[in-house]
Amino acid sequence: MKWLALASLLLLATGCAHQTTQAAGRRLIVLGIDGMDPGFLESHWQALPNLNRLRQQGDFRRLATTVPPQSPVAWSTVATGLDPGGHGIFDFIHRDPVTRQPISSMAEATPPSHSLHIGPYLIPLTSGSVQAMRSGRTFWQILAERRIPATVIRIPANFPPAECEAESLAGMGTPDLTGTFGTFSFYTDDPAEKRSQVAGGHIAPIHLENGSATLQIEGPPNSLRKDQAQTAIDIRMHADPAAPVARFDLPDEQFVLRQGEWSDWQRADFRLIPGLKSVSGIFRIYLQQVHPHVRVYVSPVNIDPADPAMPISTPSGFSRTLTGKLGSFYTQGIAEETSAFRAGILSKDEFLAQSRKVLTDNLRMFHYELGRFSSGLLFYYFSSIDQNSHMLWGRYEEDLLDIYRQVDQAIGDAMRQPDTELMILSDHGFARFDRAVHLNTWLMKEGLLTLDDASNTGDTEGFAHVNWDKTQAYALGLNGIYLNLYGRESGGVVSLADKQDLLDQISAKLLEFRDPATGEHVVDKVYFAEKTYQGRNLKHAPDLIVGFRRGYRASWQTALGAVPAAAIDDNTQAWIGDHCMAADEVPGVLLSNRKFRATQPQMVDVPATILSEFGVPRAAGMLGQTVF
Amino acid sequence: MDSFNALINAGLRAIAAAFSWGPPALSLAVFAVLAGSGMIWAFRKTSDQAKLQAVKRKLYAYLLELRVYSDEPSITWRTQVSLLRANLRYLGLALRPAVWIAAPLALLMIHLESFYSRQPLALDSDTVVTMRLRSPVDGAAPDLTLPPGVELTAPPVRIVSRSEISWRIRPRQAVSGELQFRLGGQTVSMPIEARRDAHFIPGRRVNSALAVLWHPDSPRVAASAVDWIDVRYPDSAISVFGLEINWIVWFLIVAMLAGLALKKPMKVVL
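Going line by line, the protein sequences match chains A and B.
Under the numbering used here, the letters of the first sequence match residues 1330 to 1957, in that order.
Under the numbering used here, the letters of the second sequence match residues 1459 to 1728, in that order.
Isolated chain A, as found in the complex:
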């Protein structure tokens, strides 16, 4: 027995030693380039010398993406090695089955359970929290447990960041300080601007007196007040009477901007209890125009990385260290100002200028991380190609190529690292988004969704006019259709016995669905959640995932539960490229400075490969295998 115990110990020690040996000094850089498209690369190899050299020296493959091919879904798979059924993220947006209203798929905030009421204030006695909705252990948690150094910067769907000893900074899914994915503010004295609210922002009228006006910048709702009143700070703007230039006075700062200039990061404290408690945010101001009317754009107020109001890094002081080294930086998950471009507030050139600032910010941090990388894993994520592809795809190729070129240079810098394995991957490719499909309208026309009054179609969100007693299915998010299921949805009408027949029926109809303008099929594939996903974490899964053909995508109205009049419209918005289609239509890319053995690599293979490179076995439940 003693010998058996000794032998077991020896075996264990040998195994550990083998692992340590394999991991010791190994250097692996993984660059996650959201939205890098294989077709675009193939058309532009000559313009992208580093990527071209990488595929010639190593390898290049299409990387099969997830169902649906959305970034939070795909990157959650990369992080955990689980399919959506395992990690539980199926869309940017999930729905609350009780209210059928959209909720964020990535994080959930819980208020304190006990508070003390003092006058207008609520003093929390227990702490509130923010929880990530993603299940499963991430590859960097597994590496950290084995004491393998890992730095993971901005990987999506990692807010709040997974607890571990590895250094990580949250990426896509990190809200702004107001808790949204990014709400900009726009101030003007132009009487022609009648709007007050647009998707992703609000527009405030200002009144100039002797060339001066106050801009009120909104912060988070005051969680320490009973009325949750919005916090705000005032900025005074002083415009020159004739020249296109203005001065901005903040509580502790003052700066001058010429027309067409962006300010540096500005820090502001939003007071929760005067003199006692405040939260810090950072933002940038863009002076779009001074005469004849003032037009001032203020970016969403980002969480201040020097004093984060919510957890955005592990260890918690890591974001502060980065600020000390690099100055303030974008912490909002999706920092490119696509909403303002879509709303017509920023022009294409202005959007591109801001987008370049995001990329510059990101490249500065990348080079800092590259400079201090000594061993283990460095994972770095770039959002710029994805966000720019949404706004430029198929129409402004040179502008998009310029972004690809900048990322290509960063890849070149990574390739110059000695004795380092390099993997580049993207979560999906891109396609044109020409026609917007109103799935709820289509369901209504098929008799599966009923309004309280047939004339109540329109862009009102949140299923405002849906008669749930007569509705069998509804669409929410960018690819999902849900049954109004008895026992799951509040007041659901479809029985469990009828579920499969109804799903088959909807699927068949979707595959027959033709665009009335062109006669083309709209849907390429329909995926059944229970058959598509291996994991059983299907709480938030749509019953059907609609795989649109290239050129088609669920409309913005569908995503938030609106039922417009027509089933399909032309996409007239500035958002002209997308990937929320059938997974086969928009694969990602995988490149490395080594040859791949896998001929058809998939997203789930990425974490398995990373762990394998450090000699670490896959965690239980992880799918995929090494691509080498």
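To be clear, the hints were calculated from the coordinates, so they are not data collected in a lab.
Misleading hints may appear alongside valid ones.
What the hints assert, rightly or not - Here are the in silico distance ranges between beta carbons for each label pair:
#, chain 1, residue 1, chain 2, residue 2, range
1, A, 1531, B, 1583, 30 to 36 Å
2, B, 1539, A, 1458, 49 to 55 Å
3, A, 1445, B, 1524, 32 to 38 Å
Unchecked claim - Here are a few chain A residues that face chain B, going by a calculated C-beta distance under 10 Å:
#, residue
4, 1519
5, 1520
6, 1522
7, 1538
8, 1539
9, 1570
10, 1573
11, 1580
12, 1583
13, 1584
14, 1585
15, 1951
16, 1952
Quick caveat: nothing in here was measured; it's all calculated off a predicted structure.
No residue lacks a Cβ here, since even glycine has one placed at the ideal position from N, Cα and C.
Chain B: place on chain A using the hints.
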């Protein structure tokens, strides 16, 4: 007033220069030790030491009484009242020296602002220079001549509602010079520092005789049309044992410690 301020400034600059080989916390500690010594000396000279000693003895006696008769409520209550009275008496006796000390200490601290509260302008970073006029802004902005190595990076902003004009400037190289403003046939200058080793960074330059008490770093503006001129320097902090703290905190801590340390040798009752 300008000569008086210039005299104080010259003295402070000489001390700061003597300790410029060390970190700013060192020269500030020297100022604080001098201030602490001065305060303790002034306290002795301006207070009634005998009465203070008597009140302190009473305070100790009352405290002892509280401990001894803690189970006698009526005595405890009476002692509390006596203790309060003695405390008020002590504060009354300390008021006169406090008043004597406050003025020179405030003057010293206002002067020290220029040495420790501001950093020189960072190279290749913008900053705002503002001039406030005594009359409404109308017509063109004054001409601004910059020293070599400093650029104007935006046109001047005339702020009608405040009678101010702001310029955005950017030092491209180390500079210790003057901005020259030309208005109404007069030339007004404002010092500017963009050197890493600068110890003295003048703040707002003012016109009014009252305002110069708070802004004593530069002589008053001679031009009658100008109320003040201001260069926005970045705020500075003092590094002490790796901690970044406001210079006033460090100054007061060292001054207090110096005062306490000198209490016995100088035979001062505090």
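For each hint, the structure was consulted:
At roughly 32 Å, the beta-carbon separation of residue 1531 of chain A and residue 1583 of chain B lies within the given 30 to 36 Å, and the hint holds. For residue 1539 of chain B paired with residue 1458 of chain A, a C-beta distance near 52 Å keeps the hint of 49 to 55 Å intact. Take residue 1445 of chain A and residue 1524 of chain B: their Cβ atoms lie about 35 Å apart, and the range 32 to 38 Å holds. Annotation: interface hint on residue 1519 of chain A violated; nearest CB of chain B at approximately 20 Å, more than 10 Å.
Because the smallest distance between the Cβ of residue 1520 of chain A and any Cβ of chain B comes to about 21 Å, over 10 Å, the interface hint for this residue is violated. Given hint, residue 1522 of chain A at the interface with chain B, is violated; its Cβ is 23 Å from that chain's nearest Cβ, farther than 10 Å. A least Cβ separation of about 7 Å between residue 1538 of chain A and chain B falls short of the 10 Å threshold, and the interface hint therefore holds. Because the closest C-beta pair between residue 1539 of chain A and chain B is about 4 Å apart, less than 10 Å, the hint holds.
Of the supplied interface hints, the one on residue 1570 of chain A holds, with its beta-carbon coming within about 6 Å of a beta-carbon of chain B, less than 10 Å. For residue 1573 of chain A, the shortest C-beta to C-beta distance to chain B is roughly 8 Å, which falls under 10 Å, so the interface hint holds. A least Cβ separation of about 13 Å between residue 1580 of chain A and chain B goes past the 10 Å threshold, and the interface hint is therefore violated. Using the Cβ-Cβ criterion of 10 Å, the hint placing residue 1583 of chain A at the interface with chain B is satisfied: the shortest such distance is roughly 5 Å.
For residue 1584 of chain A, the suggested interface contact is upheld, since its CB lies about 6 Å from the closest CB of chain B, less than 10 Å. Given hint, residue 1585 of chain A at the interface with chain B, holds; its Cβ is 4 Å from that chain's nearest Cβ, closer than 10 Å. Interface hint status for residue 1951 of chain A: violated, as the beta-carbon distance to the closest one in chain B is roughly 44 Å, over 10 Å. Violation of the interface hint for residue 1952 of chain A is found here, the shortest Cβ-Cβ separation to chain B being roughly 48 Å, above the 10 Å cut-off.
When the structure is compared with the earlier hints, violations turn up for hints 4, 5, 6, 11, 15, 16 and for no others.
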